[in-house]
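Chains as they are written, first to last, in the numbering used here: chain A, 331 to 532; chain B, 7 to 319; chain C, -18 to 178.
There may be inaccurate statements among the hints.
As the list claims (entries may be wrong) - Stretch-level coverage of chain A by chain B, calculated; a stretch enters the list once three of its residues show a Cβ under 8 angstroms from a Cβ in chain B:
#, segment
1, 467 to 478
2, 486 to 493
3, 504 to 514
What the hints contain is simulated information worked out from the structure, not anything from laboratory work. Only a predicted model underlies this, so the values are computations on that prediction, with no experimental measurement involved. No residue lacks a Cβ here, since even glycine has one placed at the ideal position from N, Cα and C.
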Amino acid sequence: MNIQEFLSIFISSVFIYNVILSRFLGLCPFVAISKDTKQAAAMSAAVTFVITASSAVTWIIYRFLLLPFNLTYLRTLAFVLVIAALVQLIEMIIRKTSPVLYRAFGIYLTLITTNCAVLGAAVLNIDMFFIGGKAVAGSFYYSVFQGICMGLGYTLAMLLMSGIRERLELCNVPKALKDFPLAFIIASILSLSFMGFSGFKP
Amino acid sequence: MTNNFSVSGSPHIHKQGSISRIMWTVVISLIPAGIAGIIIFGWDTLWITLAAVVAAVLTELIFGILTKKKVTVLDGSAVITGVLLAFNLPSGVPLWLPVVGAVFSIAIGKQVFGGIGQNIFNPALVGRVFLMASWPKYMTTFTAPFKFDAITSATPLAALKAGRVLEHISYLDLFLGKHGGCIGEVCILALLIGAALLFIKGYISWHIPITYILTTAVFVYIFGGNKLFGGDWLFHILSGGLILGAFFMATDYVATPLTAKGQLIFGVGCGLLTAVIRIWGGYPEGVSYAILMMNAATPLIGRYTKCRIYGSR
Amino acid sequence: MKNLIKEFTKGIIKENPTFVLALGLCPTLAVSVSVANAIGMGLAATFVLLGSSIIISWVRNFIPAKIRIPCFIVIIATFVTVTELCLKAYSPVLDRALGIYVPLIVVNCIVLGRAEAFACKNNLSRSFLDGLGMGDGFTLALVLISAIREFLGSGQLLGHTLIEGFEPVFVFGMPSGALLVIGLLLGFFNFLKNKKI
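Next comes chain A alone, as it looks inside the complex (with noise of 0.2 angstroms):
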């Protein structure tokens, strides 16, 4: 476990492999929801604590119960039950605790059950964590952060789309390139943008 690893995880889950700009997870939220700077930010808060908890979550369930008993092949569908329940519950809670929270951001957790990235996360943890069906040193706390930062990355894409897309209201953009079209032509340019940090070695 060491620093130099954090700082790579960080910089290549924020930027160079960022979960909507390069691997392209959680699509669908980002054109759809991406219009507001306040729903985009709720979005985003919603999504990275989902994928914090759900990195943990599934991969103590990946460790403990999948491996010892030789049950890998079932992992998609145990990380997709996991992932649902695990919504759910801090809906629950979310409800009961904090009713203010709730009202900010509710509706999108329900959505978060089938967002890609969240999936997605977790099975890239797995991916590249566990070398030759074994966990790597420290492969928990590498999990968790690298869900922490694809959830900011994820976040600092949907900040940055939805205060373009708000700035874009006032202008005249031609009809057919509206709303959608628009919307992945300028992550195309966003995307090229963040190549600069491509080949980062801290």
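Starting from the structure of chain A, add chains B and C where the hints point.
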């Protein structure tokens, strides 16, 4: 008729000149750098610049006709995009490269957003990063200065990144542009002359360029050397596309914040990103990417640095 | 009979999941680097879509409404797991190329979306045709996008060089190029749609 009215968020800036006058002055201010490019790299500079400009203007013309809006080619903004794009290219590129780049700059970097005044990103830089991603070999093959028969050489920044130091290169050489690089970025002297013109006319303000360059210098000084506080900041200021970028591209009216505070944030952001990429990134130069990333952040910056109006919190 | 045919063809043009409904974009962009991968993903997704549509439609009257989403997920996940295992066994190359996007089929908006919007409300034959049509529409969209990207990005199609001396435009093999292609294609189809009206 409706193009005489522009709806945009406040604050609105009034300047003496019309858009055309400003744009064409910028073109004039870039001429010294162009001449320097021709002296240092030969007539290829001229052909590349012309190719880019013609392609940019034609693209803008075609869009104007297709979208049935007023044709805006005469306002000089397409010309600037073409010139700036060309200045960001090495002198050895085949002529179709600036043409494709210019078309991309105007079409994707500007027109899809609605045309002039509405682009989020600096169009020339959009074209440049597109070219860089698409044909990296052409974009990173530089010819040596004054040797017009294409002997390749590395740029000072590329040499630095690879751990070698270019021999026989003094600060004066860097200042005058006697080294490999993109045709419009190498001659600092010529660029500063042009920038001075823009300052005198009041078309650019000091906020962005000075904060940008200063931030890069400070950061590079602290972290860019072999030990802390040992970085060669003067080398970094005089190398690569920093001067060209800071004075001519980071100051794009449309793609940068309007308020002074916003501009300072923008400048610092650009400086930080440029320095970080130069020191630790895979690419030797980060100016294009830094400016584009800050362009993307500009709407958000604008949100949080609004001027106080009566009754605001 | 005509109605049934329409169920099938709507998935290909009128309600094409990628270009009209804008669903399932995550894997579309990721695997469309080469036509071979695109076909592989398209077939895998169609298999899952078809299988889950059939089963869900078959048992639709036995699933209590409150827990239907988790039930759908279990059914879909089963088919995805089967697909995953088959790929690993019979085509490891394709499996490696598609990577994490195979298990992600389970949260592919197209699959869950059709289950929720159609399969649980319609009879077996209609659901079968709907699943087949949507899957084919998805595959066709994938092939179109990947053909453009592969040709521009590497000068080849399915591994064969088409034009000698063509300088590949590398950006199309990258995420940025993918986003650009789909943005422009969506814009193009929007343009066509607007003209028709």
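Do the hints match the structure? See the list:
1. 467 to 478: Contact hint for the segment 467 to 478 of chain A vs chain B: violated, 0 residues under 8 angstroms.
2. 486 to 493: The restraint on the segment 486 to 493 of chain A holds, since 3 of its residues have a Cβ under 8 angstroms from chain B and three suffice.
3. 504 to 514: Check passed, 3 qualifying residues.
In this structure, the one hint that does not hold is number 1.
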